[in-house]
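Construct the complete structure from the given sequences, taking the supplied hints into account.
Protein chains in written order, with the numbering used here: chain A, 1 to 306; chain B, 1 to 364; chain C, 1 to 284.
Everything labelled a hint here was simulated from the structure, so no lab data went into it.
Any given hint could turn out to be false.
[What the hints assert, rightly or not] Covered by chain C, per the in silico footprint, the following chain A stretches (three or more residues, Cβ under 8 Å):
| # | stretch |
| --- | --- |
| 1 | 44-50 |
| 2 | 138-147 |
| 3 | 251-263 |
[Claimed, not checked] Residues of chain A placed beyond 10 Å of chain C at every Cβ, according to the derived structure:
| # | residue |
| --- | --- |
| 4 | 56 |
| 5 | 62 |
| 6 | 78 |
| 7 | 164 |
| 8 | 201 |
| 9 | 202 |
| 10 | 216 |
| 11 | 239 |
None of these values were measured; they are calculated from a predicted model.
Positions of the beta carbon are idealized from the N, C-alpha and C atoms, including for glycine.
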Amino acid sequence: MAGVANPMAGFRLVAVDEKKRFMLALIAPAVLVLVFFQILPILTGANASFRDWHLNDPKKTWIGLTNYAYVVRDREFLNVVLPNTFGFLAASVAASLIAGLMLALLLNRQFPGRWLVQTIVLLPLMVAPVIAAIMIRWMFNDQFGIVNVILEAFGIAPIAWLTQKWTAFFAILLTDVWLWTPWFALLLLAALQSLPPEPFEAAQIDAASAWRTFRYITLPMLRPVIVVCVVIRAIDAFRTFDIVWTISGGGPARATEVFSIYAYVEAFQFLNFGRGSAAAVLGAIIIVVFAMALYRLLNRWVEVSR
Amino acid sequence: MAEVILTNVRKTYGAVVAVEDLSLSIADHEFVVFVGPSGCGKSTTLRMIAGLEDTTRGTISIGSRVVNGLQPKDRDIAMVFQNYALYQHMSVYDNLAFGLRNRRVPAAQIDAAVRHAARTLSIETLLERRPRQLSGGQQQRVALGRCIVRNPKVFLFDEPLSNLDAQLRGQMRLEIKELRQRVPTTSVFVTHDQVEAMTLGDRIVVMKDGLMQQVGSPLELYRRPVNRFVASFIGSPAMNFFDVHVTAVPMGFRLSADGIDLELPQRRFAGLGAHAGRAVTIGVRPQHLRLGCTQVDQVGLSGQVMVTEQLGDEQVLAVRVGAGDIRVAGIDPELSLPTGTRINVAVPMDNLHLFDAASGVAIR
Amino acid sequence: MSTIEAIQAPRSRYFFEALAPGGRRAFFLLGTVATCLLFAFPVFWLVLTSLRPGYAVYYVHRGSDFTLDNFREVLSQEIVLKALWNSFAIATLATVLSLGVTATSGYMLSRFRGTIPTAWFGAIYVFRCVPYVSWVLPLYFVTRAMGIFDTYWGLLLPHVAVHICFFSWIMKGFFDGIDPSMEYAAMIDGCSRWGAFLRVALPAAVPGLTALAVLCWLYTWNEFLFALILTAQNTPILTVVMAQFVHELGMEWHLMSATAVLALGPALIVTIFGQKYVIRGLKI
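Rendered as structure tokens:
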């Protein structure tokens, strides 16, 4: 009996192995790159965060949680960076979602010149965030910027946009919304165009108004796409670096620093790599937990409201 | 040349058993149809023969060669898929030639084979087109052509007709039958449609919940189903069933239920003796019921007409007998039977099926 | 009759019609034009600034002197030319490598079930969330230790790593939309698993791949943070060079704008030629 069973087991082993080998071969390059250029650096950073590691004086002695203790007690981090980061995240995602949705609804209609409008609206997608940020900085320049010129034409005194916290923050936010609204619009437009027509026809027969059709049919059907877009965009907004760096550099007086800027400034300007790494690790933990929670929350919301 | 033999084949996905201990021997040039409801394991069995799934236990051999562990490409088989699975980015010609090119057949030989297959299926004019540009029936022919061009040991069909509309399905059924006569290759055909099974198969394998229920010729399955499931699955409209209580009487048995009272002579159902005092299920095909009074060798029922369905060449009735409804087919279409009409229905003793009420096993 | 119509008319139409005849249409037109202005203005302003001579740049809205000197001056700087070429090469190579690596990974996620795909999927979800700053800072040391800091490889491979998580996920979506029975047919027709993937599944995914290629190229071309930290004099990258114009040379807006317009050019070409593939690819 055992003699019969063994060759069968042999066959099974060969079949499974061949399939597993194929699976592993498929992901092997991705895994290798990920390990060497993401996981290894993350571990290096985590290691550095426990050490006294100044870039100009790399002693690299183990100092335990000292760097973390500094960061979580740092007033700059607690009272400026965290509120800024999450405030920026919420405002940017909300504004670009609403604007993107409106644009998608507009572009989903048929009207003459639609192609042109679509091309213009998608323009920001190909502009580098750095270019956009430089442009905004130029437009909001307190002496020569076009924004102040226009304000002056209306008899309003020029505003020193980038030297005050809230106006600088507004400029940053505006750039981000300008950059990312087309992204939302593009994905939502693709989703709108792939919705089945029957529910809309049924709504027409039921004499639903445009608003009620949108509220009770379009929006619920788009909800899964919106959830995915919001989660992705929220994670990206959390790690925003380039536009803040270019527009305000975190200034005036570190008032507009967000999390990424804080870690960069600590590591490369104050040259305390250990402390910068600790901030980065803390940020990573916060965002991973936040992303998981957000995903769960929105997922449940989608299911309940279905 | 190529018989297919499955020995104690079993397939599990984790704790779920898809196919349980299936043994079957398919002769060379035989056309075997696997039929059953969705999820019964018929497609899994086919995919195991193809090598797209590995077996958990048991062996499969094609042409006296054990093929477990062999890649699909090394099994010398061809397969038609439910959605045809034509290569969308290749022309029809390239679709047909793909398999031969993979096997490094000389180009001239490929060309001859493709043209021959195209002629056999009358798709010569479509060779330069893309699959997207073809109708459902044409795509189906290309999928068939992809099989015959390679001249494999076995043809495998995975519900190939279920995406076609009813009319085309009937036509393709005939074409497959005709093709079989010209290209007699061992074939395994999977379907959930019992009509396809009955019309195409030399032998039919009925499956349910991963278990083989019965194997036999179409007529065998129709006439002598081994259990209630096979009886209900084969034949259209489906067989009528009603549960009755058995009591032994002199010279025979009495079967009774609300509104039903039948007497059967002992000689017809010898096995019924063991069921005296218990419940059994009676099965009668709608086609075997006749209107009118009972004659010799018939048993009768009486009930009220509930609904009539006019099909043109016949009427099908739903008749309330006791608490349940039975269907009666083959009624003269001219006959006027308003709802509520009381009628008598007779059934020849030879066409009566009895099943154990609990297990569903046929009583003979 | 008229009351019934009034009840059935959507409230919004009622409102606009009351406002003016054709008010609804005018409202839409106005909104559309305003939107276009809002989206186009910064780019328009950038181009305008780049065409002004240095002395007139501070009053872009006044005067009518236009010149191409800014472009001439910028293009005469060796670092800008080098940066243009480097950015182009890195973006192109990163696109090819990223797509190659993630197509296989996404295919695996789409076609197989079990512990390996589940674990891999979990890994890419988590690593997708990790902020760039958390690994780009130590990445500086890692690339230095590997001896590839300030080289093509030193920027290229981190860029591929950036794309792995997200693209694997998107690719999984592309392959989910392709019926696997085509690959089964290919395997029966004599292909190995690799053959079925390369010759049947991959060609079927080309529309999606093209869309992703366009987006990937644009993203890499525009990327700033990684370029800032992982490159130095040997490998200047356009976005970094541009930002340095502002920080180091103080107020040379006209030169900066000219460089930015130069950077915009290839992106514009890619977008114009890629737009239809992107929209087609996203719809699937």
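Given as non-interface: residue 239 of chain A, which should sit over 10 Å from chain C by C-beta: With a cut-off of 10 Å, residue 239 of chain A comes too close to chain C, as the shortest Cβ separation is near 4 Å.
Are there three or more residues in the stretch 44-50 of chain A whose C-beta lies closer than 8 Å to some C-beta of chain C? With 3 residues in contact (Cβ-Cβ under 8 Å with chain C), the coverage given for the stretch 44-50 of chain A holds.
At 10 Å, judged by beta carbons, does residue 62 of chain A keep clear of chain C as stated? At roughly 17 Å from the nearest Cβ of chain C, residue 62 of chain A sits farther out than 10 Å, so the non-interface label holds.
Under a C-beta cut-off of less than 8 Å, do 3 or more residues of the stretch 138-147 of chain A approach chain C closely enough to confirm the stated coverage? holds (count 5)
Does the no-contact call for residue 164 of chain A survive, Cβ to all of chain C over 10 Å? 20 Å, holds
Determine whether the non-interface label on residue 216 of chain A survives the test: each CB of chain C must be over 10 Å from its CB. Non-interface label on residue 216 of chain A holds, nearest chain C Cβ at 14 Å vs cutoff 10 Å.
If I take the minimum Cβ distance from residue 202 of chain A to any residue of chain C, is it greater than 10 Å? Residue 202 of chain A clear of chain C: closest Cβ-Cβ about 16 Å, beyond 10 Å.
Nearest-CB test (10 Å) between chain C and residue 201 of chain A: 16 Å, holds
Coverage of the stretch 251-263 of chain A by chain C, judged on three or more residues with CB within 8 Å: holds (count 3)
With d taken as the least Cβ-Cβ distance between residue 56 of chain A and chain C, does d exceed 10 Å? Holds, since 15 Å exceeds 10 Å.
Would the least Cβ to Cβ distance between residue 78 of chain A and chain C come out above 10 Å? Non-interface label on residue 78 of chain A holds, nearest chain C Cβ at 18 Å vs cutoff 10 Å.
In the structure shown, a violation is registered for the earlier hint numbered 11 alone.
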